[in-house]
Every structure is written in structure tokens, then in C-alpha cells.
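A.B. asks: With the hints as extra help, turn the sequences into a complete structure.
Chains D and S, in that order, are what the protein sequence lines are.
Going letter by letter, the first sequence gives residues 28 to 367 in our numbering.
Going letter by letter, the second sequence gives residues 21 to 611 in our numbering.
Calculated directly from the structure, the hints in this document are not laboratory data.
Careful, some of the hints might be misleading.
To be verified - Partner residues are not named here, just some residues of chain S that face chain D (Cβ under 10 angstroms, in silico):
| no. | residue |
| --- | --- |
| 1 | 83 |
| 2 | 282 |
| 3 | 283 |
| 4 | 303 |
| 5 | 344 |
| 6 | 347 |
| 7 | 367 |
| 8 | 374 |
| 9 | 428 |
| 10 | 429 |
| 11 | 435 |
| 12 | 445 |
| 13 | 449 |
| 14 | 471 |
Here a beta-carbon is modelled for each residue, glycine too, at the ideal position from N, C-alpha and C.
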Amino acid sequence: MGIKTSILLAALAFSHLILLFAGFFAPCDPTTQDRELPYAPPTHLRFRDASGFHLRPFVYAWTSSSAGEQSDDYQENYREDRSREFPLQFCVRGASYKVLGVFKTDVHLFGTTEPGKLSLLGTDSYGRDEFSRLLFGGQISVAAGIAATAIALLVGSIFGLIAGYYGGWTDESLMGVTELFLSLPWLYFLLGVRAFLPLHLSTVRTFFLLTGVIGLIGWARPARLVRGLVLSLRHRNYVLSARGFGGSDFYIVRRHILPEIAGVLLTQASLLIPRYIAAEVTLSFFGLGVNEPAPTWGNMLSTLQQYSVLVSYGWLLAPAAALVVTSVLYSSLADAIHRG
Amino acid sequence: MKLIARLTLQVCLFTAACFAAAPAPEAAQPGEELARMPDVSGRYGGHLTIGQRSEPKTLNPVTVTDAVSREVIGRLMGDLIEINRSSQQTEPALAKSWKISADGRIFTLQLRKGTRFSDGNPFDADDVLFSFRVYMDEAVDSPQRDLLIIDGKPIVVTKLDQYSVRFALPRPYAAAERLFDGLAMLPKHLLEKPYREGHFAQAWSLNAQATEIAGLGPFRLKHYVPGQRIVVERNPYYWKVDHENQRLPYLDELVFLFVGTEDAQVMRFEAGETDIISRLSSENYNLLSREKSRAGSQLADMGPSLEYNFLLFNLNDLGGKKLEEVSGKQAWFRDLKFRQAISSAVDRDSIVRLVYGTRGAALWGNVGPGNKLWINQAIPHPSRSVETARQLLKSAGYSWNSAGQLVDSRGHSIEFSIITSSSNGQRMKMATLLQDDLSHLGMQVHVIPLEFRAMIDRVFQSFDYDAAIMGLGGGDADPNPEMNVWGATGTSHLWHLGETQPATDWERELDQLMQQQMVTLDYAKRKQLYDRAQQLIAENLPFIFLGSPNILAGANARVGNFHPAILDPYTLWNSDELYVRGPAIERAGIR
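C.D. replies: Below, the structure is given as C-alpha cells:
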């Protein structure tokens, strides 16, 4: 494993750990609305005030417009209230959350004291902290991407193995099915499927549905890839000799074929994960994904469909940036694995 | 060579046709009874461009159903009596005067003499008779037909002489003169043939030639480019004149550009490609007002509109339907205290602030502050109180379990979903705010955005929903258009559709009040009846009223006489009076 691969792996592991422990790293609850602070710009972390430099950074609270002005123009009317400083604190108690969905706690890595508010990436239209939503949303989006990839690769390799290994009419019929799957207009199909499902699905069920759907749509391509590999592998001499010595199909696949396609599957995984994260984002963007108030990168970005929001509140683009970074990390990793 | 020459010639001819100047206004003829607008002044020439969200579907004023087509058709057509969008009162149009009999059943209208259609043909009582025959013909299936059939009987229209017409109503009908607004007078000489041949609905499609269409509006069709624009030019025979007796309209042309979406409308307006924009959302209005200094445009906040947005519970009779889940929840929804608790827990101030960016009004009844003539000022505006809501729920037998969830007396936890149209961002936002408000009462609410048609189907047909956020109103200030909502058998009696008998006592009283106000001619008495109706609605909360957006519009600095109104069409109702300011009048056709 090269240095580049190790660095990439470390970066990915680090970012995924942050997402995994989002509750600890996020200063706020992702669904709590602060109706006094819609579209508040990111809070500036400050080190210097009138009395000089401070080692411990602090923030000022936002106040909305001064009297007499139109108070609806949030962006231009938020001002820092310099009368009071709220120092940044570590390991503070705040909104309660569950670690890994099991242990309940209320300790956050950093935060500040009320009524000061630390919103590193500003707030959205309901005054919810964008940074906390980014982390919690990433949990769902990235997990959906990984789970969907696992499903796609599992189903894809099973069908690809069977088709490539047995050949003949099995191969023809299975590959016919993959062609059918590749040619379906999926977005319209999904819109239709959603219409038949019950109106309300819980976040958990939507999550499984989403990953299931993305994975089941995606199995066709890996299946064709695996099938092509297996097709050439099964005529290799060591496979033929293993068969000559009486090895069962299962033994041959496990001992001789799977190890050969493992590398390809790994590369596929690192290519598919970012693609399926983006697929979740697309589906949520069209309202087919997880519903409000639970955040995902997709439904967070869907507010940007409005032109006025897009041009006025730049910090709401944060999920798009996170998506780009994650994708670049994964595809560089795929590249590194491929080369190394 | 010959071919090139011919092509060049054709191109030249085509350009000439496109760039041909608009017709000059005709001089007044002796005996022509023109309508003089004493307060209107302006200058001739130029054109204005309006961005439309979509392409019109038809130019037929009788069968039109969509707002975009109506925006264009309204410029081409004239009515007998008009509602002045600014004063909200009726005023004479093609009928210069009218008399109402003492019992309120007979209307006698005097038509303007010497009026001509935009193709120069005269207009008289025969055209009026023809128009009403078409509107009331079942085979034509006009959406306005229902208004003209009262108690199952049609209005009887009789010609008294060439310039007077009598309308006999089957029974007294309050503010019946308002009915005439929106009923375009049709040219008998052009439309009788398609009508007799039974294909009236196909007449005046977008493919029609400009010469086939004539109306009594300020403009007439010039040309239509599919997918791009419709251009209308001055009607040289228009029957209104300004304070100097100059024939209106001032503009040579109006251009309707098909731009696609609301965002596209805003961007085109920002870029100066369009001159007038209406029905702006507060976000876009704020966006434009930030850039106002640079662009120098005039923006108008006309105050609350007549539209009311509300939360609606499914109180339909689900007897014949297999909807056990919904019918199980209806026990809560039918409970008045439950609805009152929800109304008390709703943070309407936040809705006005976050949904409308303060450009809107909170609502506690079906008539908002925009409708100054009819609002019942006595309806209380209790402020938000989660405490009151909890008390109400407690007194109705609800309690809270250890997890803080609200449960009913049978121990079921209160959980329901709110459907709303996914294309309406404002209502989606209201739903999300409501979800949060109601979570403070321990209710689990799910917000379900649906495609508009899917939502309408659930509310009107399948009844497969718990609650919905919708909006109504916005047409006319008068209570009569509201009949179909508050009358027990109305087609928009949304919370309980298809009733043959009012289900509750208050609904019976409401139905009676609405029927009564319809036949009461005196405004003060009608107001009393409608006040009581509003009170009943506010007390019994068939809808939980949320808010009403302001009418926001904008125009380029060079647009003169820009007076938007809170009634539809918000900005183009006085298109005959709009003009282009400044010395440099562009030649028509240059764009």
C-alpha cells in the first residue's frame, strides 16, 4: 500500500468518524428551530476585541435589524452585538443525543453559553444550525451510499459469478435482465413507485427503501463486469486443473475466482460509493428521499432550487462542498488502488 | 440566383411585417359614446414586455381555464361591467349605465353607441345576446356557466333595442352586476359560424390568424411565435379616452414572453428584458429590492391579498371507502377542542416572518385584512399559547405518556400527516413550522409533499389523507365566490365534500347565512350576515387559518401609470393606461 493510499484512507476514516459521532462534534440539535435567526450568516470565531488578543476564541451574538429598517432583509440586517462576548467552550453540555444510536448523552465537543450561538456554517430558513445538519445529514447520506454499494456489489457479483461461471443459457438470460435494468428510465420509475407506497414512511424505513432501491438499480453494471472477468478466469489453466482434480463449483469459486475479482470489486466500491451518495442527494432533491425535519445532504440542498436563496445565502451550499470533497477522496482512492 | 432573390424578398417582407408600426388610434366618430377617464394621462408609443411562466393554452375567452391564458385574453376582450381593481367597485364598461329593478331581479343595460370591435365591425345588442347564448350553452362547457345558472334556471337575456339589453334573474342575487366582469363580449360576425357548426371550443386556438380574432379590449392579436412570445398591438377602435380625449391605449404593443418559471421571470426582470412582474414571492421581492438602487425599478407591496392559506382536517364521510386508518383518526379531528388546541399552538407570527418574510398577514378567519369591505373586525386574534392548547387537550380527555407523547382516552398516540403541494415552497414551509409547533404538544406530525395533482386528487376524490395545507380565495372581494366553499353543497366545501345535508348545527346555520346573503341586496344587511358567517367559521374552525401573502409586484422605471392591485390581474388590469416614460420612445418591434 503506497503512501498516497494510506493518506487517502486516513482522511476518509477521519471524515467518516466525524460523521459517525456527529452528535458529539455538532454543537446543536439538527432539528431545533430558532425562529429569530433564519438565514443567519456563519458566526465568526474571533480572537481579538477592544481589550486585545485572547487565546480562547469567542463569538458575538447576532441581532436582527435596527428599528426603522425593513426587517425582512435578513442578510443585510444581521449585525454582531458587540456588547457581550461568548467564549468558545469545549466538552459543553447541550442538546441530548444518542452515540451510535445507543448511549444517551449531552456532551458536545465544543459550543458556547446561551444566549450566544455558535453556527459555524450559518443557519437555514428555519434558523437551524447548518453545521450540525451537515454532520447529521452526512450520516444518512454517506451511510446510504455505502449500504447501497454493498447491496449493488453483492447482488451484482452473485449474478455475475453465476452468469460467467455457468455460461450458456444462464448467462444469456441473466445478461438479458441486466440489459433490461440498464435501459429502464429510473427516475420516472421511482416517481411511480413512490406513488404506490404509503404516504408516510419513517426515516428508518425511507433509509432502507432508498438504499435498497439505489442498490437494486445499480447491480447490473458490476454484474456485467464480474461476469466478463469470470468468463475469462474459468478457462485459466489453474481453474481447469482444479476442476480436473474434482473440485466442486463452490470450492473453485471461493479458492480461485473470488480472490481474482476482489481487487476489481474494491475499486468498484470506491467508485460506486460517491456515485450512490450523489444518487441519494438527487432522490432527496426531488423529494423522494428522507423527509423533513431529518437532514440529508440532498434535502438540505433542495432549498437551493429557489433562485433567491441560491444567490443570497451562499453558506447553504455547504452540503454540495461536502459532497464534492467526499467524492474526490473516494475516486482518488479508487485511482490509488487501481495503480498501486 | 432567382431563388436567392426570392428568399431575400421574402425575408424583407417578413421583417417588414414584423416591424410594421402599430396602427394609429382612430379619430372619434360622430355619435360614438366613448368612456372618458378624467384622471388618466400619458403618452403614446413604445411597447412593454411581460414574462409569463408558461405558454398560454388558448385565446378562447369562453373555454379558458388557466391563469396564463387569461392574462393575455383579458387584454383582448371587453366586458359589459367591470370591477375596478383599485377601488374594488364596479364601473361602467361596454354598458354605459344600468338599472336594477326594485326586487333586484331585472337588470337593464344601456350599451355604448358606436363602439366597434378591434376589426372595425360595430358592436351592439345582438353580440351581447350571442355571447350569453354561448356562455350558457351546455355543449360549449364554459367554466363561467355555473355563475349564470341560478337555482338551476338560466338568466334570461332579451334585446330591447339595438343598444339596450335586459337580464332577468330567476331570483334576487346580491351584487349581480359583478357577474359581468370576466364575461367577454364576443363578435357574432366571427364566431357564429363555428358555434353553429358545433366546434366553438376549437375556435380561437393559438393557431388562429390575427384576422380571425377580434375583441373589445385595449389590444388585438398581432402575432404568435410558438414557444417564444405573443405580441398584441393597439386596438385602434378602443372605447376609452384619456383626460385630453385621446383614445387609449397609450402603448403600441404588449409582448408576452414565455420564460418558464418564477425564477426565470425574476432573472429576466433583473436583466431588464421584461418590464413588469407580478405575483412575486417575498424572497424574490427582497432580492429585487436589494438591487433596486442599481436597476431603478419601481417595486410595490400592495399589502395582504385575498388569498387565505389554511390547515384542513379530513372530516369527510368515509363510509363507503376502505380507509380505516384515516377514519380512526377522525375522532380527534372532529373534536372541536382538538382543532382549537392546534389553532392555539400555531405560531402565526413566525409564519408571517419566515414564510412571507414579514410581507404577509396572520389570519384567524377566512377574510383577511386585505378585504377591507367585508372583514369582520370583531373576530379575536388570540396570540399563540402552548399552555392554552395543553389545557384544551386536557379538558378534552387527552393526556401525555412518559415519553411526552400525546395520547387520546383510548391510549392511542396522536400521530398524523399533513399533505401539501411540493411545488408551493411557502406552504411546504408552513407545514414544517406547524410540525415543529405541534411537536410541543406531543403530537407526531409528518409533512408529506405531493405533486399538486396527486394532492388535489386525495383532497377531492379519494379522501385518503389526514390533514392538508391549502390556499383559496384571491378572485373577488365579494362573498359570493366563496359560496362554493362555505355552502354545504359547494364544490370546494373541502373539509366535508359531497354533503347533501349539513352535518352539524353550525354548518346548517352557516349554509343558511351564505344563502341569505346571496339574495340580500342591501350592503349593510349583507355585511351583518357575512360577519356572523365569519364568526361561525372562526369559532368552529373547519379550517385552521394561517396566513395571507402580500401582493408584490414590480415594474421597470420607465413604466408609467403602474398601479398594481390586490385583485387578479394584479398589474395588467389597467394595461390601457400604461405608458412608456421618457423622451426616447423606442420604435415598435425593435427588441
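A.B. asks: It remains to establish, for every hint, whether it holds in the given structure.
C.D. replies: Outcome of the hint check:
Evaluation of the residue 83 (chain S) hint against chain D yields a violated restraint, the C-beta minimum of about 30 angstroms exceeding 10 angstroms. Against a cut-off of 10 angstroms between C-beta atoms, the interface hint on residue 282 (chain S) holds, since the closest Cβ of chain D lies about 8 angstroms away. The closest approach between the C-beta of residue 283 (chain S) and any C-beta of chain D is roughly 4 angstroms, which is under the 10 angstroms cut-off, so the hint is satisfied. A cut of 10 angstroms between beta carbons decides the hint on residue 303 (chain S): the least distance to chain D is about 4 angstroms, and the hint holds.
Checking residue 344 (chain S) against chain D: minimum C-beta separation of about 13 angstroms lies over 10 angstroms; hint violated. Hint on residue 347 (chain S) is violated. Least Cβ distance to chain D is approximately 15 angstroms, over the 10 angstroms limit. The beta carbon of residue 367 (chain S) is positioned within 10 angstroms of a beta carbon in chain D (closest approach about 7 angstroms), and the interface hint is therefore held. Taking 10 angstroms as the C-beta cut-off, the interface hint given for residue 374 (chain S) holds, the closest approach to chain D being about 5 angstroms.
Given hint, residue 428 (chain S) at the interface with chain D, is violated; its Cβ is 19 angstroms from that chain's nearest Cβ, farther than 10 angstroms. Checking residue 429 (chain S) against chain D: minimum C-beta separation of about 24 angstroms lies over 10 angstroms; hint violated. Taking 10 angstroms as the C-beta contact cut-off toward chain D, the hint placing residue 435 (chain S) at the interface holds, the least distance being around 9 angstroms. Checking residue 445 (chain S) against chain D by beta carbon gives a least distance of about 6 angstroms; that is within 10 angstroms, so the hint holds.
A hinted interface residue such as residue 449 (chain S) counts as satisfied when its beta carbon comes closer than 10 angstroms to some beta carbon of chain D; here the least separation is about 7 angstroms, so the hint holds. Satisfaction of the interface hint for residue 471 (chain S) is found here, the shortest Cβ-Cβ separation to chain D being roughly 8 angstroms, below the 10 angstroms cut-off.
Of the numbered hints stated above, those contradicted by the structure are hints 1, 5, 6, 9 and 10, listed in ascending order.
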